[in-house]
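J.: Each chain is listed here by its residues.
Number of protein chains: 2
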Amino acid sequence: MKVARNIAEVRQWIKQLRQQHSQAGGEATVGLVPTMGFLHDGHASLMRRAKQTSDIVVISIFVNPIQFGPNEDFERYPRDEQRDLALAEREGVDIVFMPAVEDMYPTPTKTHVTVAELTDTLCGASRPGHFDGVSTVVTKLFNIVKPDAAFFGAKDAQQVAVIKQMVIDLNMDIDIVACPIVREADGLALSSRNVYLSAEERSQALVLSRSLEMVKQRMMEQPALTAGDVRNMLRTEIGTSSIAIIDYAEIMTFPQLESLEDDVVLRELSSEVIVALAVKFGKTRLIDNTIFEPSLTPQTVVHA
Amino acid sequence: MKVARNIAEVRQWIKQLRQQHSQAGGEATVGLVPTMGFLHDGHASLMRRAKQTSDIVVISIFVNPIQFGPNEDFERYPRDEQRDLALAEREGVDIVFMPAVEDMYPTPTKTHVTVAELTDTLCGASRPGHFDGVSTVVTKLFNIVKPDAAFFGAKDAQQVAVIKQMVIDLNMDIDIVACPIVREADGLALSSRNVYLSAEERSQALVLSRSLEMVKQRMMEQPALTAGDVRNMLRTEIGTSSIAIIDYAEIMTFPQLESLEDDVVLRELSSEVIVALAVKFGKTRLIDNTIFEPSLTPQTVVHA
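Chains as they are written, first to last, in our numbering: chain A, 1472 to 1775; chain B, 1472 to 1775.
One chain only, chain A, in its complex shape (with noise of 0.2 Å):
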């Protein structure tokens, strides 16, 4: 495994490792998994989803500054390079990138890749700019590492939304791949951040993905469930939670993030949806959701 420092590194040895691949006879494909490091099981899988379809496997580390906000969590975002270098191996990654800000920002950049609507709700609108320097970023890890696929976790769902989008938009020829959230066996949706939760708050943040099952168990029970019903059972259950702080619990269209009248029956909609949860727990503010399509949700025939 090489770890590339910077971008005239990486790009050497990707076009090192593309030429050994020509020279076997096949042209090779490149796999991007682009993380923020402090690597969980959750990166692992996507590690793993790329190995199956690309013959070098990229993943970079990198905290971006720019999607953070100011009074948001930058400075203090785990980092742990050993660990994360120790598991890329594991998972037989080929090329670790691994910039320092100074290399992806040399100056403060002028150029920002900007995808609208979608990113007007959920985490866009609670995080201003975000998604502004996601697109931004991963623009750029894509023009350096120039993949064929590149893989992201959906538990980053609105994130995967505006990446599809921007490379539809941009002609990027590049496959984006969303693999399924990986939880712990208690629910929990893992993340870099669930670290910084003590104990307490941990075992309350499970009314996360509790409320996400009782959403889908109640579709096949309730033919007429509503998205207002959907709503209003959100807000009560995060609501057993008593440190819970919910700043949203929506249900829109997937991927298209339209919102939806709270009088809308959900099986008869043709789209696909996503459950969509952000709340805080103390400082730590997680998210976690779950796509599916109402109209393809089994009955569950109760007996009188």
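Please keep in mind that the hints were generated in silico from the structure rather than gathered at the bench. Please note: incorrect hints may appear among the correct ones.
If several chains are the same, the list does not tell them apart, and a pair holds so long as it fits within one copy or across any two.
Derived pair list, reagent style DSS-like, types lysine-lysine, alpha-carbon separation capped at 25 Å [unchecked claim]:
#1 K1581 with K1617
#2 K1635 with K1617
#3 K1522 with K1635
#4 K1617 with K1486
Following the hints, put chain B in place on chain A, whose structure we already have.
T.: Showing chain B alone in chain A's frame:
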């Protein structure tokens, strides 16, 4: 010469030509000349320059709707496909990419590439949104063609500055080559929009190149020439045309496009400067410019 009418086709032709080159032993380089068509000798000079350094020369012909304002000349922008193809053929172009608007924008783009600061002045101030449209479509063309180098005319000097900044900021692995302005024998800078001019307007439009020449002449004669002197000179000279309406007549640093105070002595500057004009003659807005390094301007010895 291949003519590709859509994105899939141009990708296919480029891939095929690249393969032919790699079978011949080398890795092919691709040069892109993005144009809006109605080609003239200024465009031809870009193609010739591209041919000198690229194995495969691709030109795009696309009148990009999103870089035109609502009251601008998108609809009436001159088009002549047959003449354009003949010129491209004559210049030895390998592939002409002429997509339809529906192919480039199957749905209105949600994604924009914006370059801040550099776009606040000159044409950016007069044409809000223009440069967002330019940097967005150029990004799309870059992602479709994947050129090693792209060639732009220096007449659109601000465009060159914006594209160069975008390429640096987004780590696009593309060499941006600016080629000198091509002029008619009488000094008029070539432009597809010159066709709009009446004989009288065309004659009066010579004031543009004449006033730029005058600035360079004065630079040689007056070591203490200030930015304010240049502004006065431009306004006076352009004012000699009875129909000229100045949009801007400016002197700024290049390529940063930072404004210069009136009392700045040009020879004391360490950077290049641009003298940039945008002037309306009748309904037609023309631009012209000259870029030079004041500290390197030779001085004329005036014999007493």
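J.: Work down the list of hints and note, for each, if the structure agrees.
T.: Each hint tested on the structure:
1. K1581 with K1617: Both. Shortest intra-copy (22 Å) and inter-copy (23 Å) distances satisfy the 25 Å Cα cut-off.
2. K1635 with K1617: both (16 Å within a copy, 19 Å between copies)
3. K1522 with K1635: Answer is within; shortest intra-copy Cα gap is 21 Å, inter-copy 35 Å.
4. K1617 with K1486: both (10 Å within a copy, 16 Å between copies)
Violated hints for the displayed structure: none, as all numbered hints are satisfied.
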